[in-house]
Structure formats: C-alpha cells, structure tokens
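Peer 1: Starting from the known structure of chain A, fit chain B onto it as the hints suggest.
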Amino acid sequence: MRKVLAHQLVWPVLALVVLLVINVVATPSFFDVRMQDGHLFGSLVDVLRNSAPVLLVALGMTLVIATRGIDLSVGAIAAIAGAVACTYIVGSDEGAAGTAIVASTTALGVCVLLGLWNGFLVAVLGIQPIIATLVLMVAGRGLAMLVTDGQITTVNNELFSDLASGFVLTLPVAMLVALLVFGLTALVTRRTALGMLIEAVGINPEASRLAGVRACTIIWTVYVFAALCAGLAGLIIAANTNSVNANSLGLWIELDAILAVVIGGTSLAGGRFSLTGTLVGALFITTLEKTIPNIGIPSEANYLFKAVVVVAVCLVQSPQARAALRVRRPAPLVAKAAVS
Amino acid sequence: MGKKTLIAASAITLSSMMLTACGSDSDSAAGKDDGSITMGFAQVGAESGWRTANTKSVQESAEEAGIDLKFSDAQQKQENQIKAIRSYIQQKVDVIAFSPVVETGWDAVLQEAKRAKIPVILTDRAVDSEDTSLYETFLGSDFILEGEKAGQWLVENAAEMDVDGNGAINVVQLEGTTGAAPALDRAEGFASAIKAEDTVEVVASQTGDFTRDGGKKVMETFLGSEKGIDVVFAHNDDMGLGAIEAIEAAGLVPGKDIKIITVDAVKDGMAALAEGKISYIVECNPLLGPQLMDLAKKVVDGEDVPERVVTEESTFTQEQAADVLADRQY
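Going line by line, the protein sequences match chains A and B. Sequential numbering of the first sequence, starting at 1, is according to the working numbering. Sequential numbering of the second sequence, starting at 341, is according to the working numbering.
No lab work stands behind these hints, which were simulated from the structure alone. Since the model is a prediction, treat every value here as computed from it, not as a measurement. All C-beta atoms, glycine included, are put in the ideal place defined by N, C-alpha and C. Any given hint might turn out to be false.
In silico lysine-lysine, DSSO-like type, Cα no more than 30 Å apart, as pairs [stated by the list, open to error]: (1) B:Lys417 / B:Lys396; (2) B:Lys417 / A:Lys306; (3) B:Lys410 / B:Lys396; (4) B:Lys410 / B:Lys454; (5) A:Lys306 / B:Lys567; (6) B:Lys596 / B:Lys567.
Here are some of the chain A residues that sit facing chain B, going by a computed Cβ distance under 10 Å [claimed, not checked]: (7) Asp32; (8) Asn50; (9) Gly142; (10) Asp149; (11) Gln151; (12) Pro298.
Bound-form chain A, shown alone:
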C-alpha cells in the first residue's frame, strides 16, 4: 500500500477519478457511450477528443520543461498554424483533400521555423526561456492576425474537419493523433538515450556539456518539437469549428499545458519528466473543463472553482502538505479535496 501511495502518479490519477465520480453523481448518464452514425458517442468520448490539443501542447512542454526551460509561445504558435492552414484552404481549391494536406503541411512547416527561432534565442543566444518565448507569445498572435486579416476565417473542407471531428474505427481522429504523438515521443525518449540526455541537460547543463552531451542541439530540438506539437494542436482546434479566430485560438493553452505537466509530476526545475503523468494531467484538465458546465457551476464562479480544484490537487501531491495535514486531521483529506 505504502509503495502504491509513494508512486508519483497515484495522486493525479486519484484526482481524475474523483472528478469523474462527481460528474457521474451530477449526471448519471455521464459514462454512457453509444454507437451513433458508426462511431462511439458520449461524454467520455468528448473528453478524450477535446483533450487532444492540450495533450499535444503538454507533450512538447514536458520535454521543454525537462531541460529546465519553458515555452510560453505555444498558444500563439497554435494560432499561427490554424491561421496559415485556414487561409491557405480558403485561397485555393477549398473542398479538395489535397488542399487540406498541403495546408496542414505548410502550417507545420511554419511551426518548425518558429520553433527554430525559439530554440535559437534560448540555446544559442542564451536568453532566459521565459523571456525568449514571451517574444513570440506576444508577437505571434499579431502574426496570426496579419495572416487572417483580423477576420474569423471559415473553411469548408471535409478532410480538414475530420482532423478534429472525424472517426477512424469508431474512435475520434484527434485522440488517435494525440496518442500517436504520445507513443512516438515515449518511444524515442525512453527507448533511446535521448530522454536521459534531456534530463541530464535539465539537471545540470554545464556538467552534461562537460560530459560530452551536446546541450545546445538538444535544447534546440525540444523547442522545435514543442512548436510542432503546438502547431498540430492549433490545426485540431481550428478543424474543430472549421474556422480560425486568431484572437482566441489556443488562448491560455500554454498555461493549461504547464498545469498538465505539473499535475503529472514533472518538476518545473527541470530534470526528470513523466510523459504518462502529462497524459493524466491533460485528461484531468479536460475533465475539469467539462465538469464546470456539467454540474452547473455559475459562470462567475468558474475560475474560482478551477483554482480551488487545482490548488487541492497540488496540495495532495505535495508530501510536505500531506504530512502537515495528516497531523491535524488524518482521514478526510481526499474527501475534502473532492468536495471543494
């Protein structure tokens, strides 16, 4: 039992379960999944589908954070990706499948360039990551607005729409894409030395450099990867409503992503990272988003509710806080977190 409790993923998973239970109590049909038009349909499917963008951004963020960095520009990059793709689709043969593929590839190409820019500022010029990526966070949204001319661009392309709303083998495409990226990332970081090298750079960049690790290249790589993930997320968000609003697409998604990473147990101080933790964190945040309208929290109390839940989760995750609370009140800690 003690060993189970000591595992870093226990608390986020428990928090997710508590949240799901609250939802079932509020709406007994919450777990109902039925077949409809040849695919699965239900609240849980919605959660999985809607968690794709946050999960993607959070995956990139996990690796960046592991190198002791942070990327604030992911929301703006997502907006740029959506803007580039939608503007391209509108500008050429709108309904054709080929258009969607070229548009998405172009958008992701732009994202790689943006990632290279971030990586250049951090790895080569040595600017603090929070400042370096702040540049693109602010300027990027302006760029996206320039691309779309400040208008909401609506597109009509079936293949592009399927990226978010489509289903393959009864499962949502968006979720499959996110899980594919998750699987590849896990494979590349855990089956090769890359994961260890990233952790080494995060724990002590100087020592790892002296040990022969090419810190510069690794840092550069993770920022490009983060931008690519953000771009993919941006495409999914745009495809979800078949439109791009450069002003609101991916707004504050960087904060959700950082939160997902932290809830998943990766330290902001860099070093060890947990991709599975990030997956749980992303699912937790999406479920939380869904819980608010589901249990009928009034809009004015939205942020407060979110904040209280997040603080509660962070507290139960912290060994010090748990120890301090255990002395005074041993049992009702989890129950309390659930209620609040």
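Peer 2: This is chain B only, laid out in the frame that chain A set:
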C-alpha cells in the same frame, strides 16, 4: 562601440519625437481654422469580425462626411487607449471618439479632454463614471434590448419552439465572456422577457467566451447533462455556430430538433440562418459610422445631443436572412 551607437540612436529618436510633438501643435491648429473637422478615434482592437466591420464603417463614413480621421488601435489594452487619447488632446483635434476597452479608469484622461475643451463621444461601449459631463453622448447598442428582443420572439413563437411538444420549453443559454457588458445585459434582457411565461425556462447557462470553440464544448456537455433541450440562446453568432456543430455531432438536426436563437448577425451567422440551422437572429449593428459622424458634426457645432443614442438595429428571421445575405458586408 555598440553602446555608443545605441546612445546616439536613442538621442536621435528622442529629439525627433520632440520635434514631432512641437510640430503637431501648429499643424492641427491650422487644420481647425479652415472649418473642417478632425476626429481622433481610439478603437479597442481587431478582435472579431464585428470589430473590423465597425472600424471599416467609421473610416469610410468619415471620408464620406469629409471628416479628417486620426485612427488608433489599442490592441485591447487600456493604457494604449489612454495614450492615444492624450495624443489627440495634444494634437488639439475637434472631437474624440472611442470604444472603451474596460468600463472603469477613464476619469483622469477625460478630465484632461474636458479642460482642453474637446468633446468626447463614446461608441459601442459605455464607461462607468459618476460624472456624465465628461462625455457628450454615448452611441451604441442597447444590449438589454437585444436580449429582450430574443426573449420576446421566443415567447411569441412558443408553440413552434416547443420541439418535443411536452408543453415546457427548456432553454440552454451560452453566455458571453463573464463580466462583459454584452453578456450581462443580454442575459438580463432575455430573462426579463421570458419571466412572465411559465412554460419557458432557462435550465442551464454557462459561458462560452463568445467563441465557436467555447460554444461547441459547452453545448456538448449540455447535450449530455440536460434532458429535453428545446432552444439554445447564444449571446453571439459564433457560439451559436459552435453549438450547431455540437448538435450535429450528437446526431440531431439544428433548427429542427433544437432551435437556436443568437445575437449579432455576422455573415456566417446569417448564412446559417438562411440555411435554417439558426431560427432567429437579433442584430447588433457594427455599422455605426454614419451615426457617429452626424453626432460629431452636431457636437462640434455646439448643438445639443441626447445623452444616449441607440444604434439602429433590426432582427432577422430565416426568410429575411435569405434576402439580405448576398449584400452582407461583414
């Protein structure tokens, strides 16, 4: 070396700024004498299609009315807007118009304008100030009225709106950004219009942040958590469009299985109305340029203007949408 260049560069920038500051005084003073009107307009930003249409309308009607327009975009930041208004005061424009980003914090800069004897017209959004002498008039939509129009139409067409025919009309509301005036007022107007009707009830209400993505996500949840939804009332077209996607994904037909009422009447919304997916749209008109120019001329001439001028707005049913869709500008 690098440092020296930097100092030299900043010295040049500074002195040129001072030059322009001095120069602009005489410039606009000269403009004032020849009888033409100079207007300083501080826009919120370019955050939506509605806003860009608003900007375009102001710019075009200024040109038509022969008013010299100085335009600034605040990018949704109050400090930028205050800076812009200060510079208009320095340039001694004849009239200042602006859409305040937020409701509070305007007293100081409006006092400065008052002392410089430059009249101020508020457009689209109001300010929250005790002292109404700080501005001449407020030209904009009446958001409460918009909510009321939506509610009234729903009550009048109650029989048709009761999709499941059980005598009760269950409404879910997609609110705008929490705390924003249009969201608060539209909810208030709608609630007061349906209050007398016992059969109509708002069973769930949640913010969708005025975005399609937000509207879609909230609607997905409502479809799971609420039984027998008859009507969706969305505070803007975009959330309504998001709701359409969620309803279609659930295998229902928007406009038939669930009726949708929205506010705004932007092009995409009107297209959905013409297709029959949305049932009714209350217009929130961004084209207030011509009315603004009229008011500006009156204010500059010293004529009395009413403290509150409501933008001319209509409503659209599905049949009307089909007629006007072709020449919808925004």
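Peer 1: Is the straight-line distance between the alpha-carbon of Lys417 of chain B and that of Lys396 of chain B 30 Å or less?
Peer 2: Holds, because 20 Å separates the two Cα atoms, which is no more than 30 Å.
Peer 1: Checking hints one by one. Is Gly142 of chain A an interface residue toward chain B, by the C-beta closer than 10 Å rule?
Peer 2: holds (8 Å)
Peer 1: So if I understand the rule, the pair passes when the alpha-carbon distance is 30 Å or less; does Lys417 of chain B with Lys306 of chain A pass?
Peer 2: holds (26 Å)
Peer 1: Are Lys306 of chain A and Lys567 of chain B close enough, with their CA atoms no more than 30 Å apart?
Peer 2: holds (26 Å)
Peer 1: Taking the closest Cβ pair, is Gln151 of chain A under 10 Å from chain B?
Peer 2: holds (5 Å)
Peer 1: For the hint on Pro298 of chain A, just tell me whether its beta-carbon gets within less than 10 Å of chain B.
Peer 2: holds (8 Å)
Peer 1: Was the hint right that Asp32 of chain A lines chain B, CB cutoff 10 Å?
Peer 2: This interface hint holds because 8 Å falls under the 10 Å limit.
Peer 1: Compare the distance between the alpha carbons of Lys410 of chain B and Lys396 of chain B with 30 Å, and conclude whether the hinted pair is satisfied.
Peer 2: Distance of about 13 Å is within 30 Å: holds.
Peer 1: Given Asn50 of chain A as an interface hint, is its Cβ closer than 10 Å to any Cβ of chain B?
Peer 2: Where the cut-off is 10 Å and the nearest Cβ of chain B is about 6 Å from Asn50 of chain A, the hint holds.
Peer 1: Take the C-alpha atoms of Lys410 of chain B and Lys454 of chain B, compute the straight-line distance between them, and say whether it is at most 30 Å.
Peer 2: holds (19 Å)
Peer 1: Report holds or violated for the interface hint on Asp149 of chain A, using the least CB-CB distance to chain B and a cut-off of 10 Å.
Peer 2: Check passed: Cβ of Asp149 of chain A comes within 8 Å of chain B, closer than 10 Å.
Peer 1: Measure nothing beyond the straight line between the CA atoms of Lys596 of chain B and Lys567 of chain B; if it is 30 Å or shorter, mark the hint as holding.
Peer 2: At roughly 16 Å apart (the allowed maximum being 30 Å), Lys567 of chain B and Lys596 of chain B satisfy the hint.
Going down the numbered hints, you'll see the structure goes against none, and every one checks out.
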